[in-house]
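Residue numbers (this note's numbering), protein chains in the order written: chain A, 106 to 495; chain B, 324 to 534.
No lab work stands behind these hints: they were computed from the structure. Treat the hints with caution; some may be incorrect.
[What the hints assert, rightly or not] Have a look at the derived ranges for each label pair, beta carbon to beta carbon: (1) P121/A / G482/B: 29 to 35 Å; (2) K159/A / G482/B: 58 to 64 Å; (3) L418/A / L435/B: 37 to 43 Å; (4) G340/B / P414/A: 49 to 55 Å; (5) P351/B / L418/A: 15 to 21 Å; (6) E377/A / P484/B: 26 to 32 Å; (7) E522/B / L472/A: 54 to 60 Å; (8) A362/B / H378/A: 41 to 47 Å.
[Said to hold, decoys possible] For lysine-lysine, the following DSS-like pairs were computed, each having C-alpha atoms within a straight-line distance of at most 27 Å: (9) K424/A / K502/B; (10) K436/B / K362/A; (11) K424/A / K362/A; (12) K176/A / K496/B.
All residues carry an ideal CB built from backbone N, CA and C; glycine is no exception.
Letter by letter, the chains look like this.
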Amino acid sequence: MTAVAAMPPKNYEILPKPGGNGESPGELLEVSMGPQHPSTHGVFRMDVVLDGEKVVKLKPVFGYLHRNHEKIAENISYLGSMPYTDRLDYFCSMTNNWAYALTVEKLAGLPVPERAEYIRVMMAELTRLQNHTCLIGFFVQDMGALGTPLMYAFREREKILDLFESVSGARMMCNYMRFGGVRCDVTPDWLAQAKQLVDGYGKFLDEFEALFTENEILLARTQGVGVLPRELVVNASLTGPMLRAAGVNYDVRKVDKYGIYGRFDFKVPLGEHGDIYDRYMVRVLEMRESVKILEQALRDIPSGPVMDPKAKLRGFRPKAGEAYGRVEAPKGELGFYLISDGSANPFRYRVRPPSFINLTVLEDMCLGHRISDTVVILGSVDIVLGEVDR
Amino acid sequence: METPEQIKSRLEAAVPGAKIEILPNDCPAGERSLLVGPAHVLGAAKFLRDDPQLRLDFCSNVTGVDWPKTEIAEKIKVKQIVDGVEKEIEEVKKTTRPGFLEVVYHLYSMELKHGPVVLRQRTANRDTEAPAVSLTPVWRGCEFQEREIFDLFGIRLEGHPDLRRILMWDGFKGFPMRKDYVPPDDFEYEPTPHDKVLEQAKKQYPPEVKA
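Just need the whole structure built from these sequences, with the hints factored in.
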């Protein structure tokens, strides 16, 4: 007799439902949702156990895009991993660049010229605008508003990407920041274009909000769904709009005041209930605050160099030591942890990906809701698999 | 925000028997870290979270570091008598440091808005699945990050509720983030029909008939 190879586990399994406490015995269905499911925003899988339509267990499974970004970065020079950071959260390459540049500057003690700081703030806030706009587009698409709202979002995003392209040469993989500044200066023409975009953005947001904010379907699908209590949100290290929707006032831009964020007048919008609707609303209000920051930055930007003249691009070897730097990326707190041993490449390079950690509480949010709600809940977390899997 | 020395003295008073070492950091960032032994990590973490002056309720970043066995060369000045005259001579003293794995936690306070405090623990050696203590019972945010450490560094974090591989697939062998990890030549090798044809061809044509 030949040995029979072990069968791979089935994807769909019907399990006996435990009886007791007055419930009628029945059957539970285990469904593998994803990885090729349009609502999973990439290659993400949820192992869901269902009682009828109700979720009784949910385990996220990911790693399909894993390429060990950290190991790659440990084998190349410090500057060499700057383009790789673009590929983490490919919607927000500018903030990824900034987080990495900020950490290396902290590690090596490099100063950044004034004009470069202003440009960085403008790029980060433009990134936030386009990320939140697109996210809301995807999110309402998950709820069944197919196509049209997403196209409205993409129309605005394209204008911002045009600005990125004209300054860095690439729409999405910008590779724009350097240690001690930014790669190239913006022109007066660019600033005028940015001003025009920022002036028109409030009007677009009004239009966008008129479609969704009081929409009956959106209210019915989001209010009271995926509620996270305040204690759990803090304990589970959630960051970004997920955290602030639960009413915790914590924004790295306000707490650390990295770069020049201390100079701008803006508010941190907070939610009250911690449900999906609050997460949506926090993002909309955050965009309005970003518009305010952009207006101030465009008004105050000084002239001057955009790179520290002493900054060394080639043969860069920081002294031995370690640093942890973080920024408020659109998805949450994006951190980099670097250990230098004095050589040309980092000894340890670590990314703290916000959407990876925000997924910790996915099961807590989904339990007891229907399977159709898991799609909306996942949409409200705002994940990008390039960053989750690294 | 208290200095590491102040935190150390209060921690040692609050957690009986705990020995805490402050590790230096020479770079301009200068965040020094607290190294805690495995027996007292859990107690120290609870103290840091609950102490009213610290309230480090937000565990931002958890990661592993692999420190392989290294030779540390130190230059030491030694007095020696050369040709009857006492001279100072520089000698290189070599010491070997055994390898170990490290788990690093970056803690902040959302309530009091300060931080970071860097907490570290070390394993005894670099064995496969060397044990350390999981802090997921204290900060839920460690859950996925500690699974990642188990997956990529091979540190078995005891007390973790669900310690499985997270980024690599379940049948994977080895720990890719260790410094001595050697990836296989070809991940995607599959036997093809050509292998069989080549075998047959070898049988058909004996080696001496190489044309």
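Hint check:
1. For P121/A and G482/B, the Cβ-Cβ distance of about 31 Å falls inside the hinted range of 29 to 35 Å, so the restraint holds.
2. Range check, K159/A to G482/B: Cβ separation about 31 Å, and the 58 to 64 Å hint is violated.
3. The hinted window of 37 to 43 Å between L418/A and L435/B holds, with their beta carbons roughly 39 Å apart.
4. Look at G340/B against P414/A: about 54 Å separates their beta carbons, and that is inside 49 to 55 Å.
5. A beta carbon spacing of about 19 Å between P351/B and L418/A agrees with the range 15 to 21 Å that was offered as a hint.
6. The supplied range of 26 to 32 Å is met by E377/A and P484/B, whose beta-carbon atoms lie about 31 Å from each other.
7. Checking the proposed 54 to 60 Å range against E522/B and L472/A shows it holds: the Cβ atoms sit about 55 Å from each other.
8. As the Cβ distance of A362/B to H378/A is approximately 42 Å, the hint placing it in 41 to 47 Å holds.
9. The suggested pairing of K424/A with K502/B holds, with an alpha-carbon distance near 21 Å, which does not exceed 27 Å.
10. Between K436/B and K362/A the CA atoms are separated by roughly 12 Å; this keeps the pair inside 27 Å, and the hint holds.
11. Restraint check: the Cα-Cα separation between K424/A and K362/A comes to about 25 Å, which is no more than 27 Å; the hinted pair holds.
12. Taking the CA atoms of K176/A and K496/B, the gap is about 17 Å. The hint holds against a cut of 27 Å.
Against the hints set out earlier in the document, a violation occurs for number 2 only.
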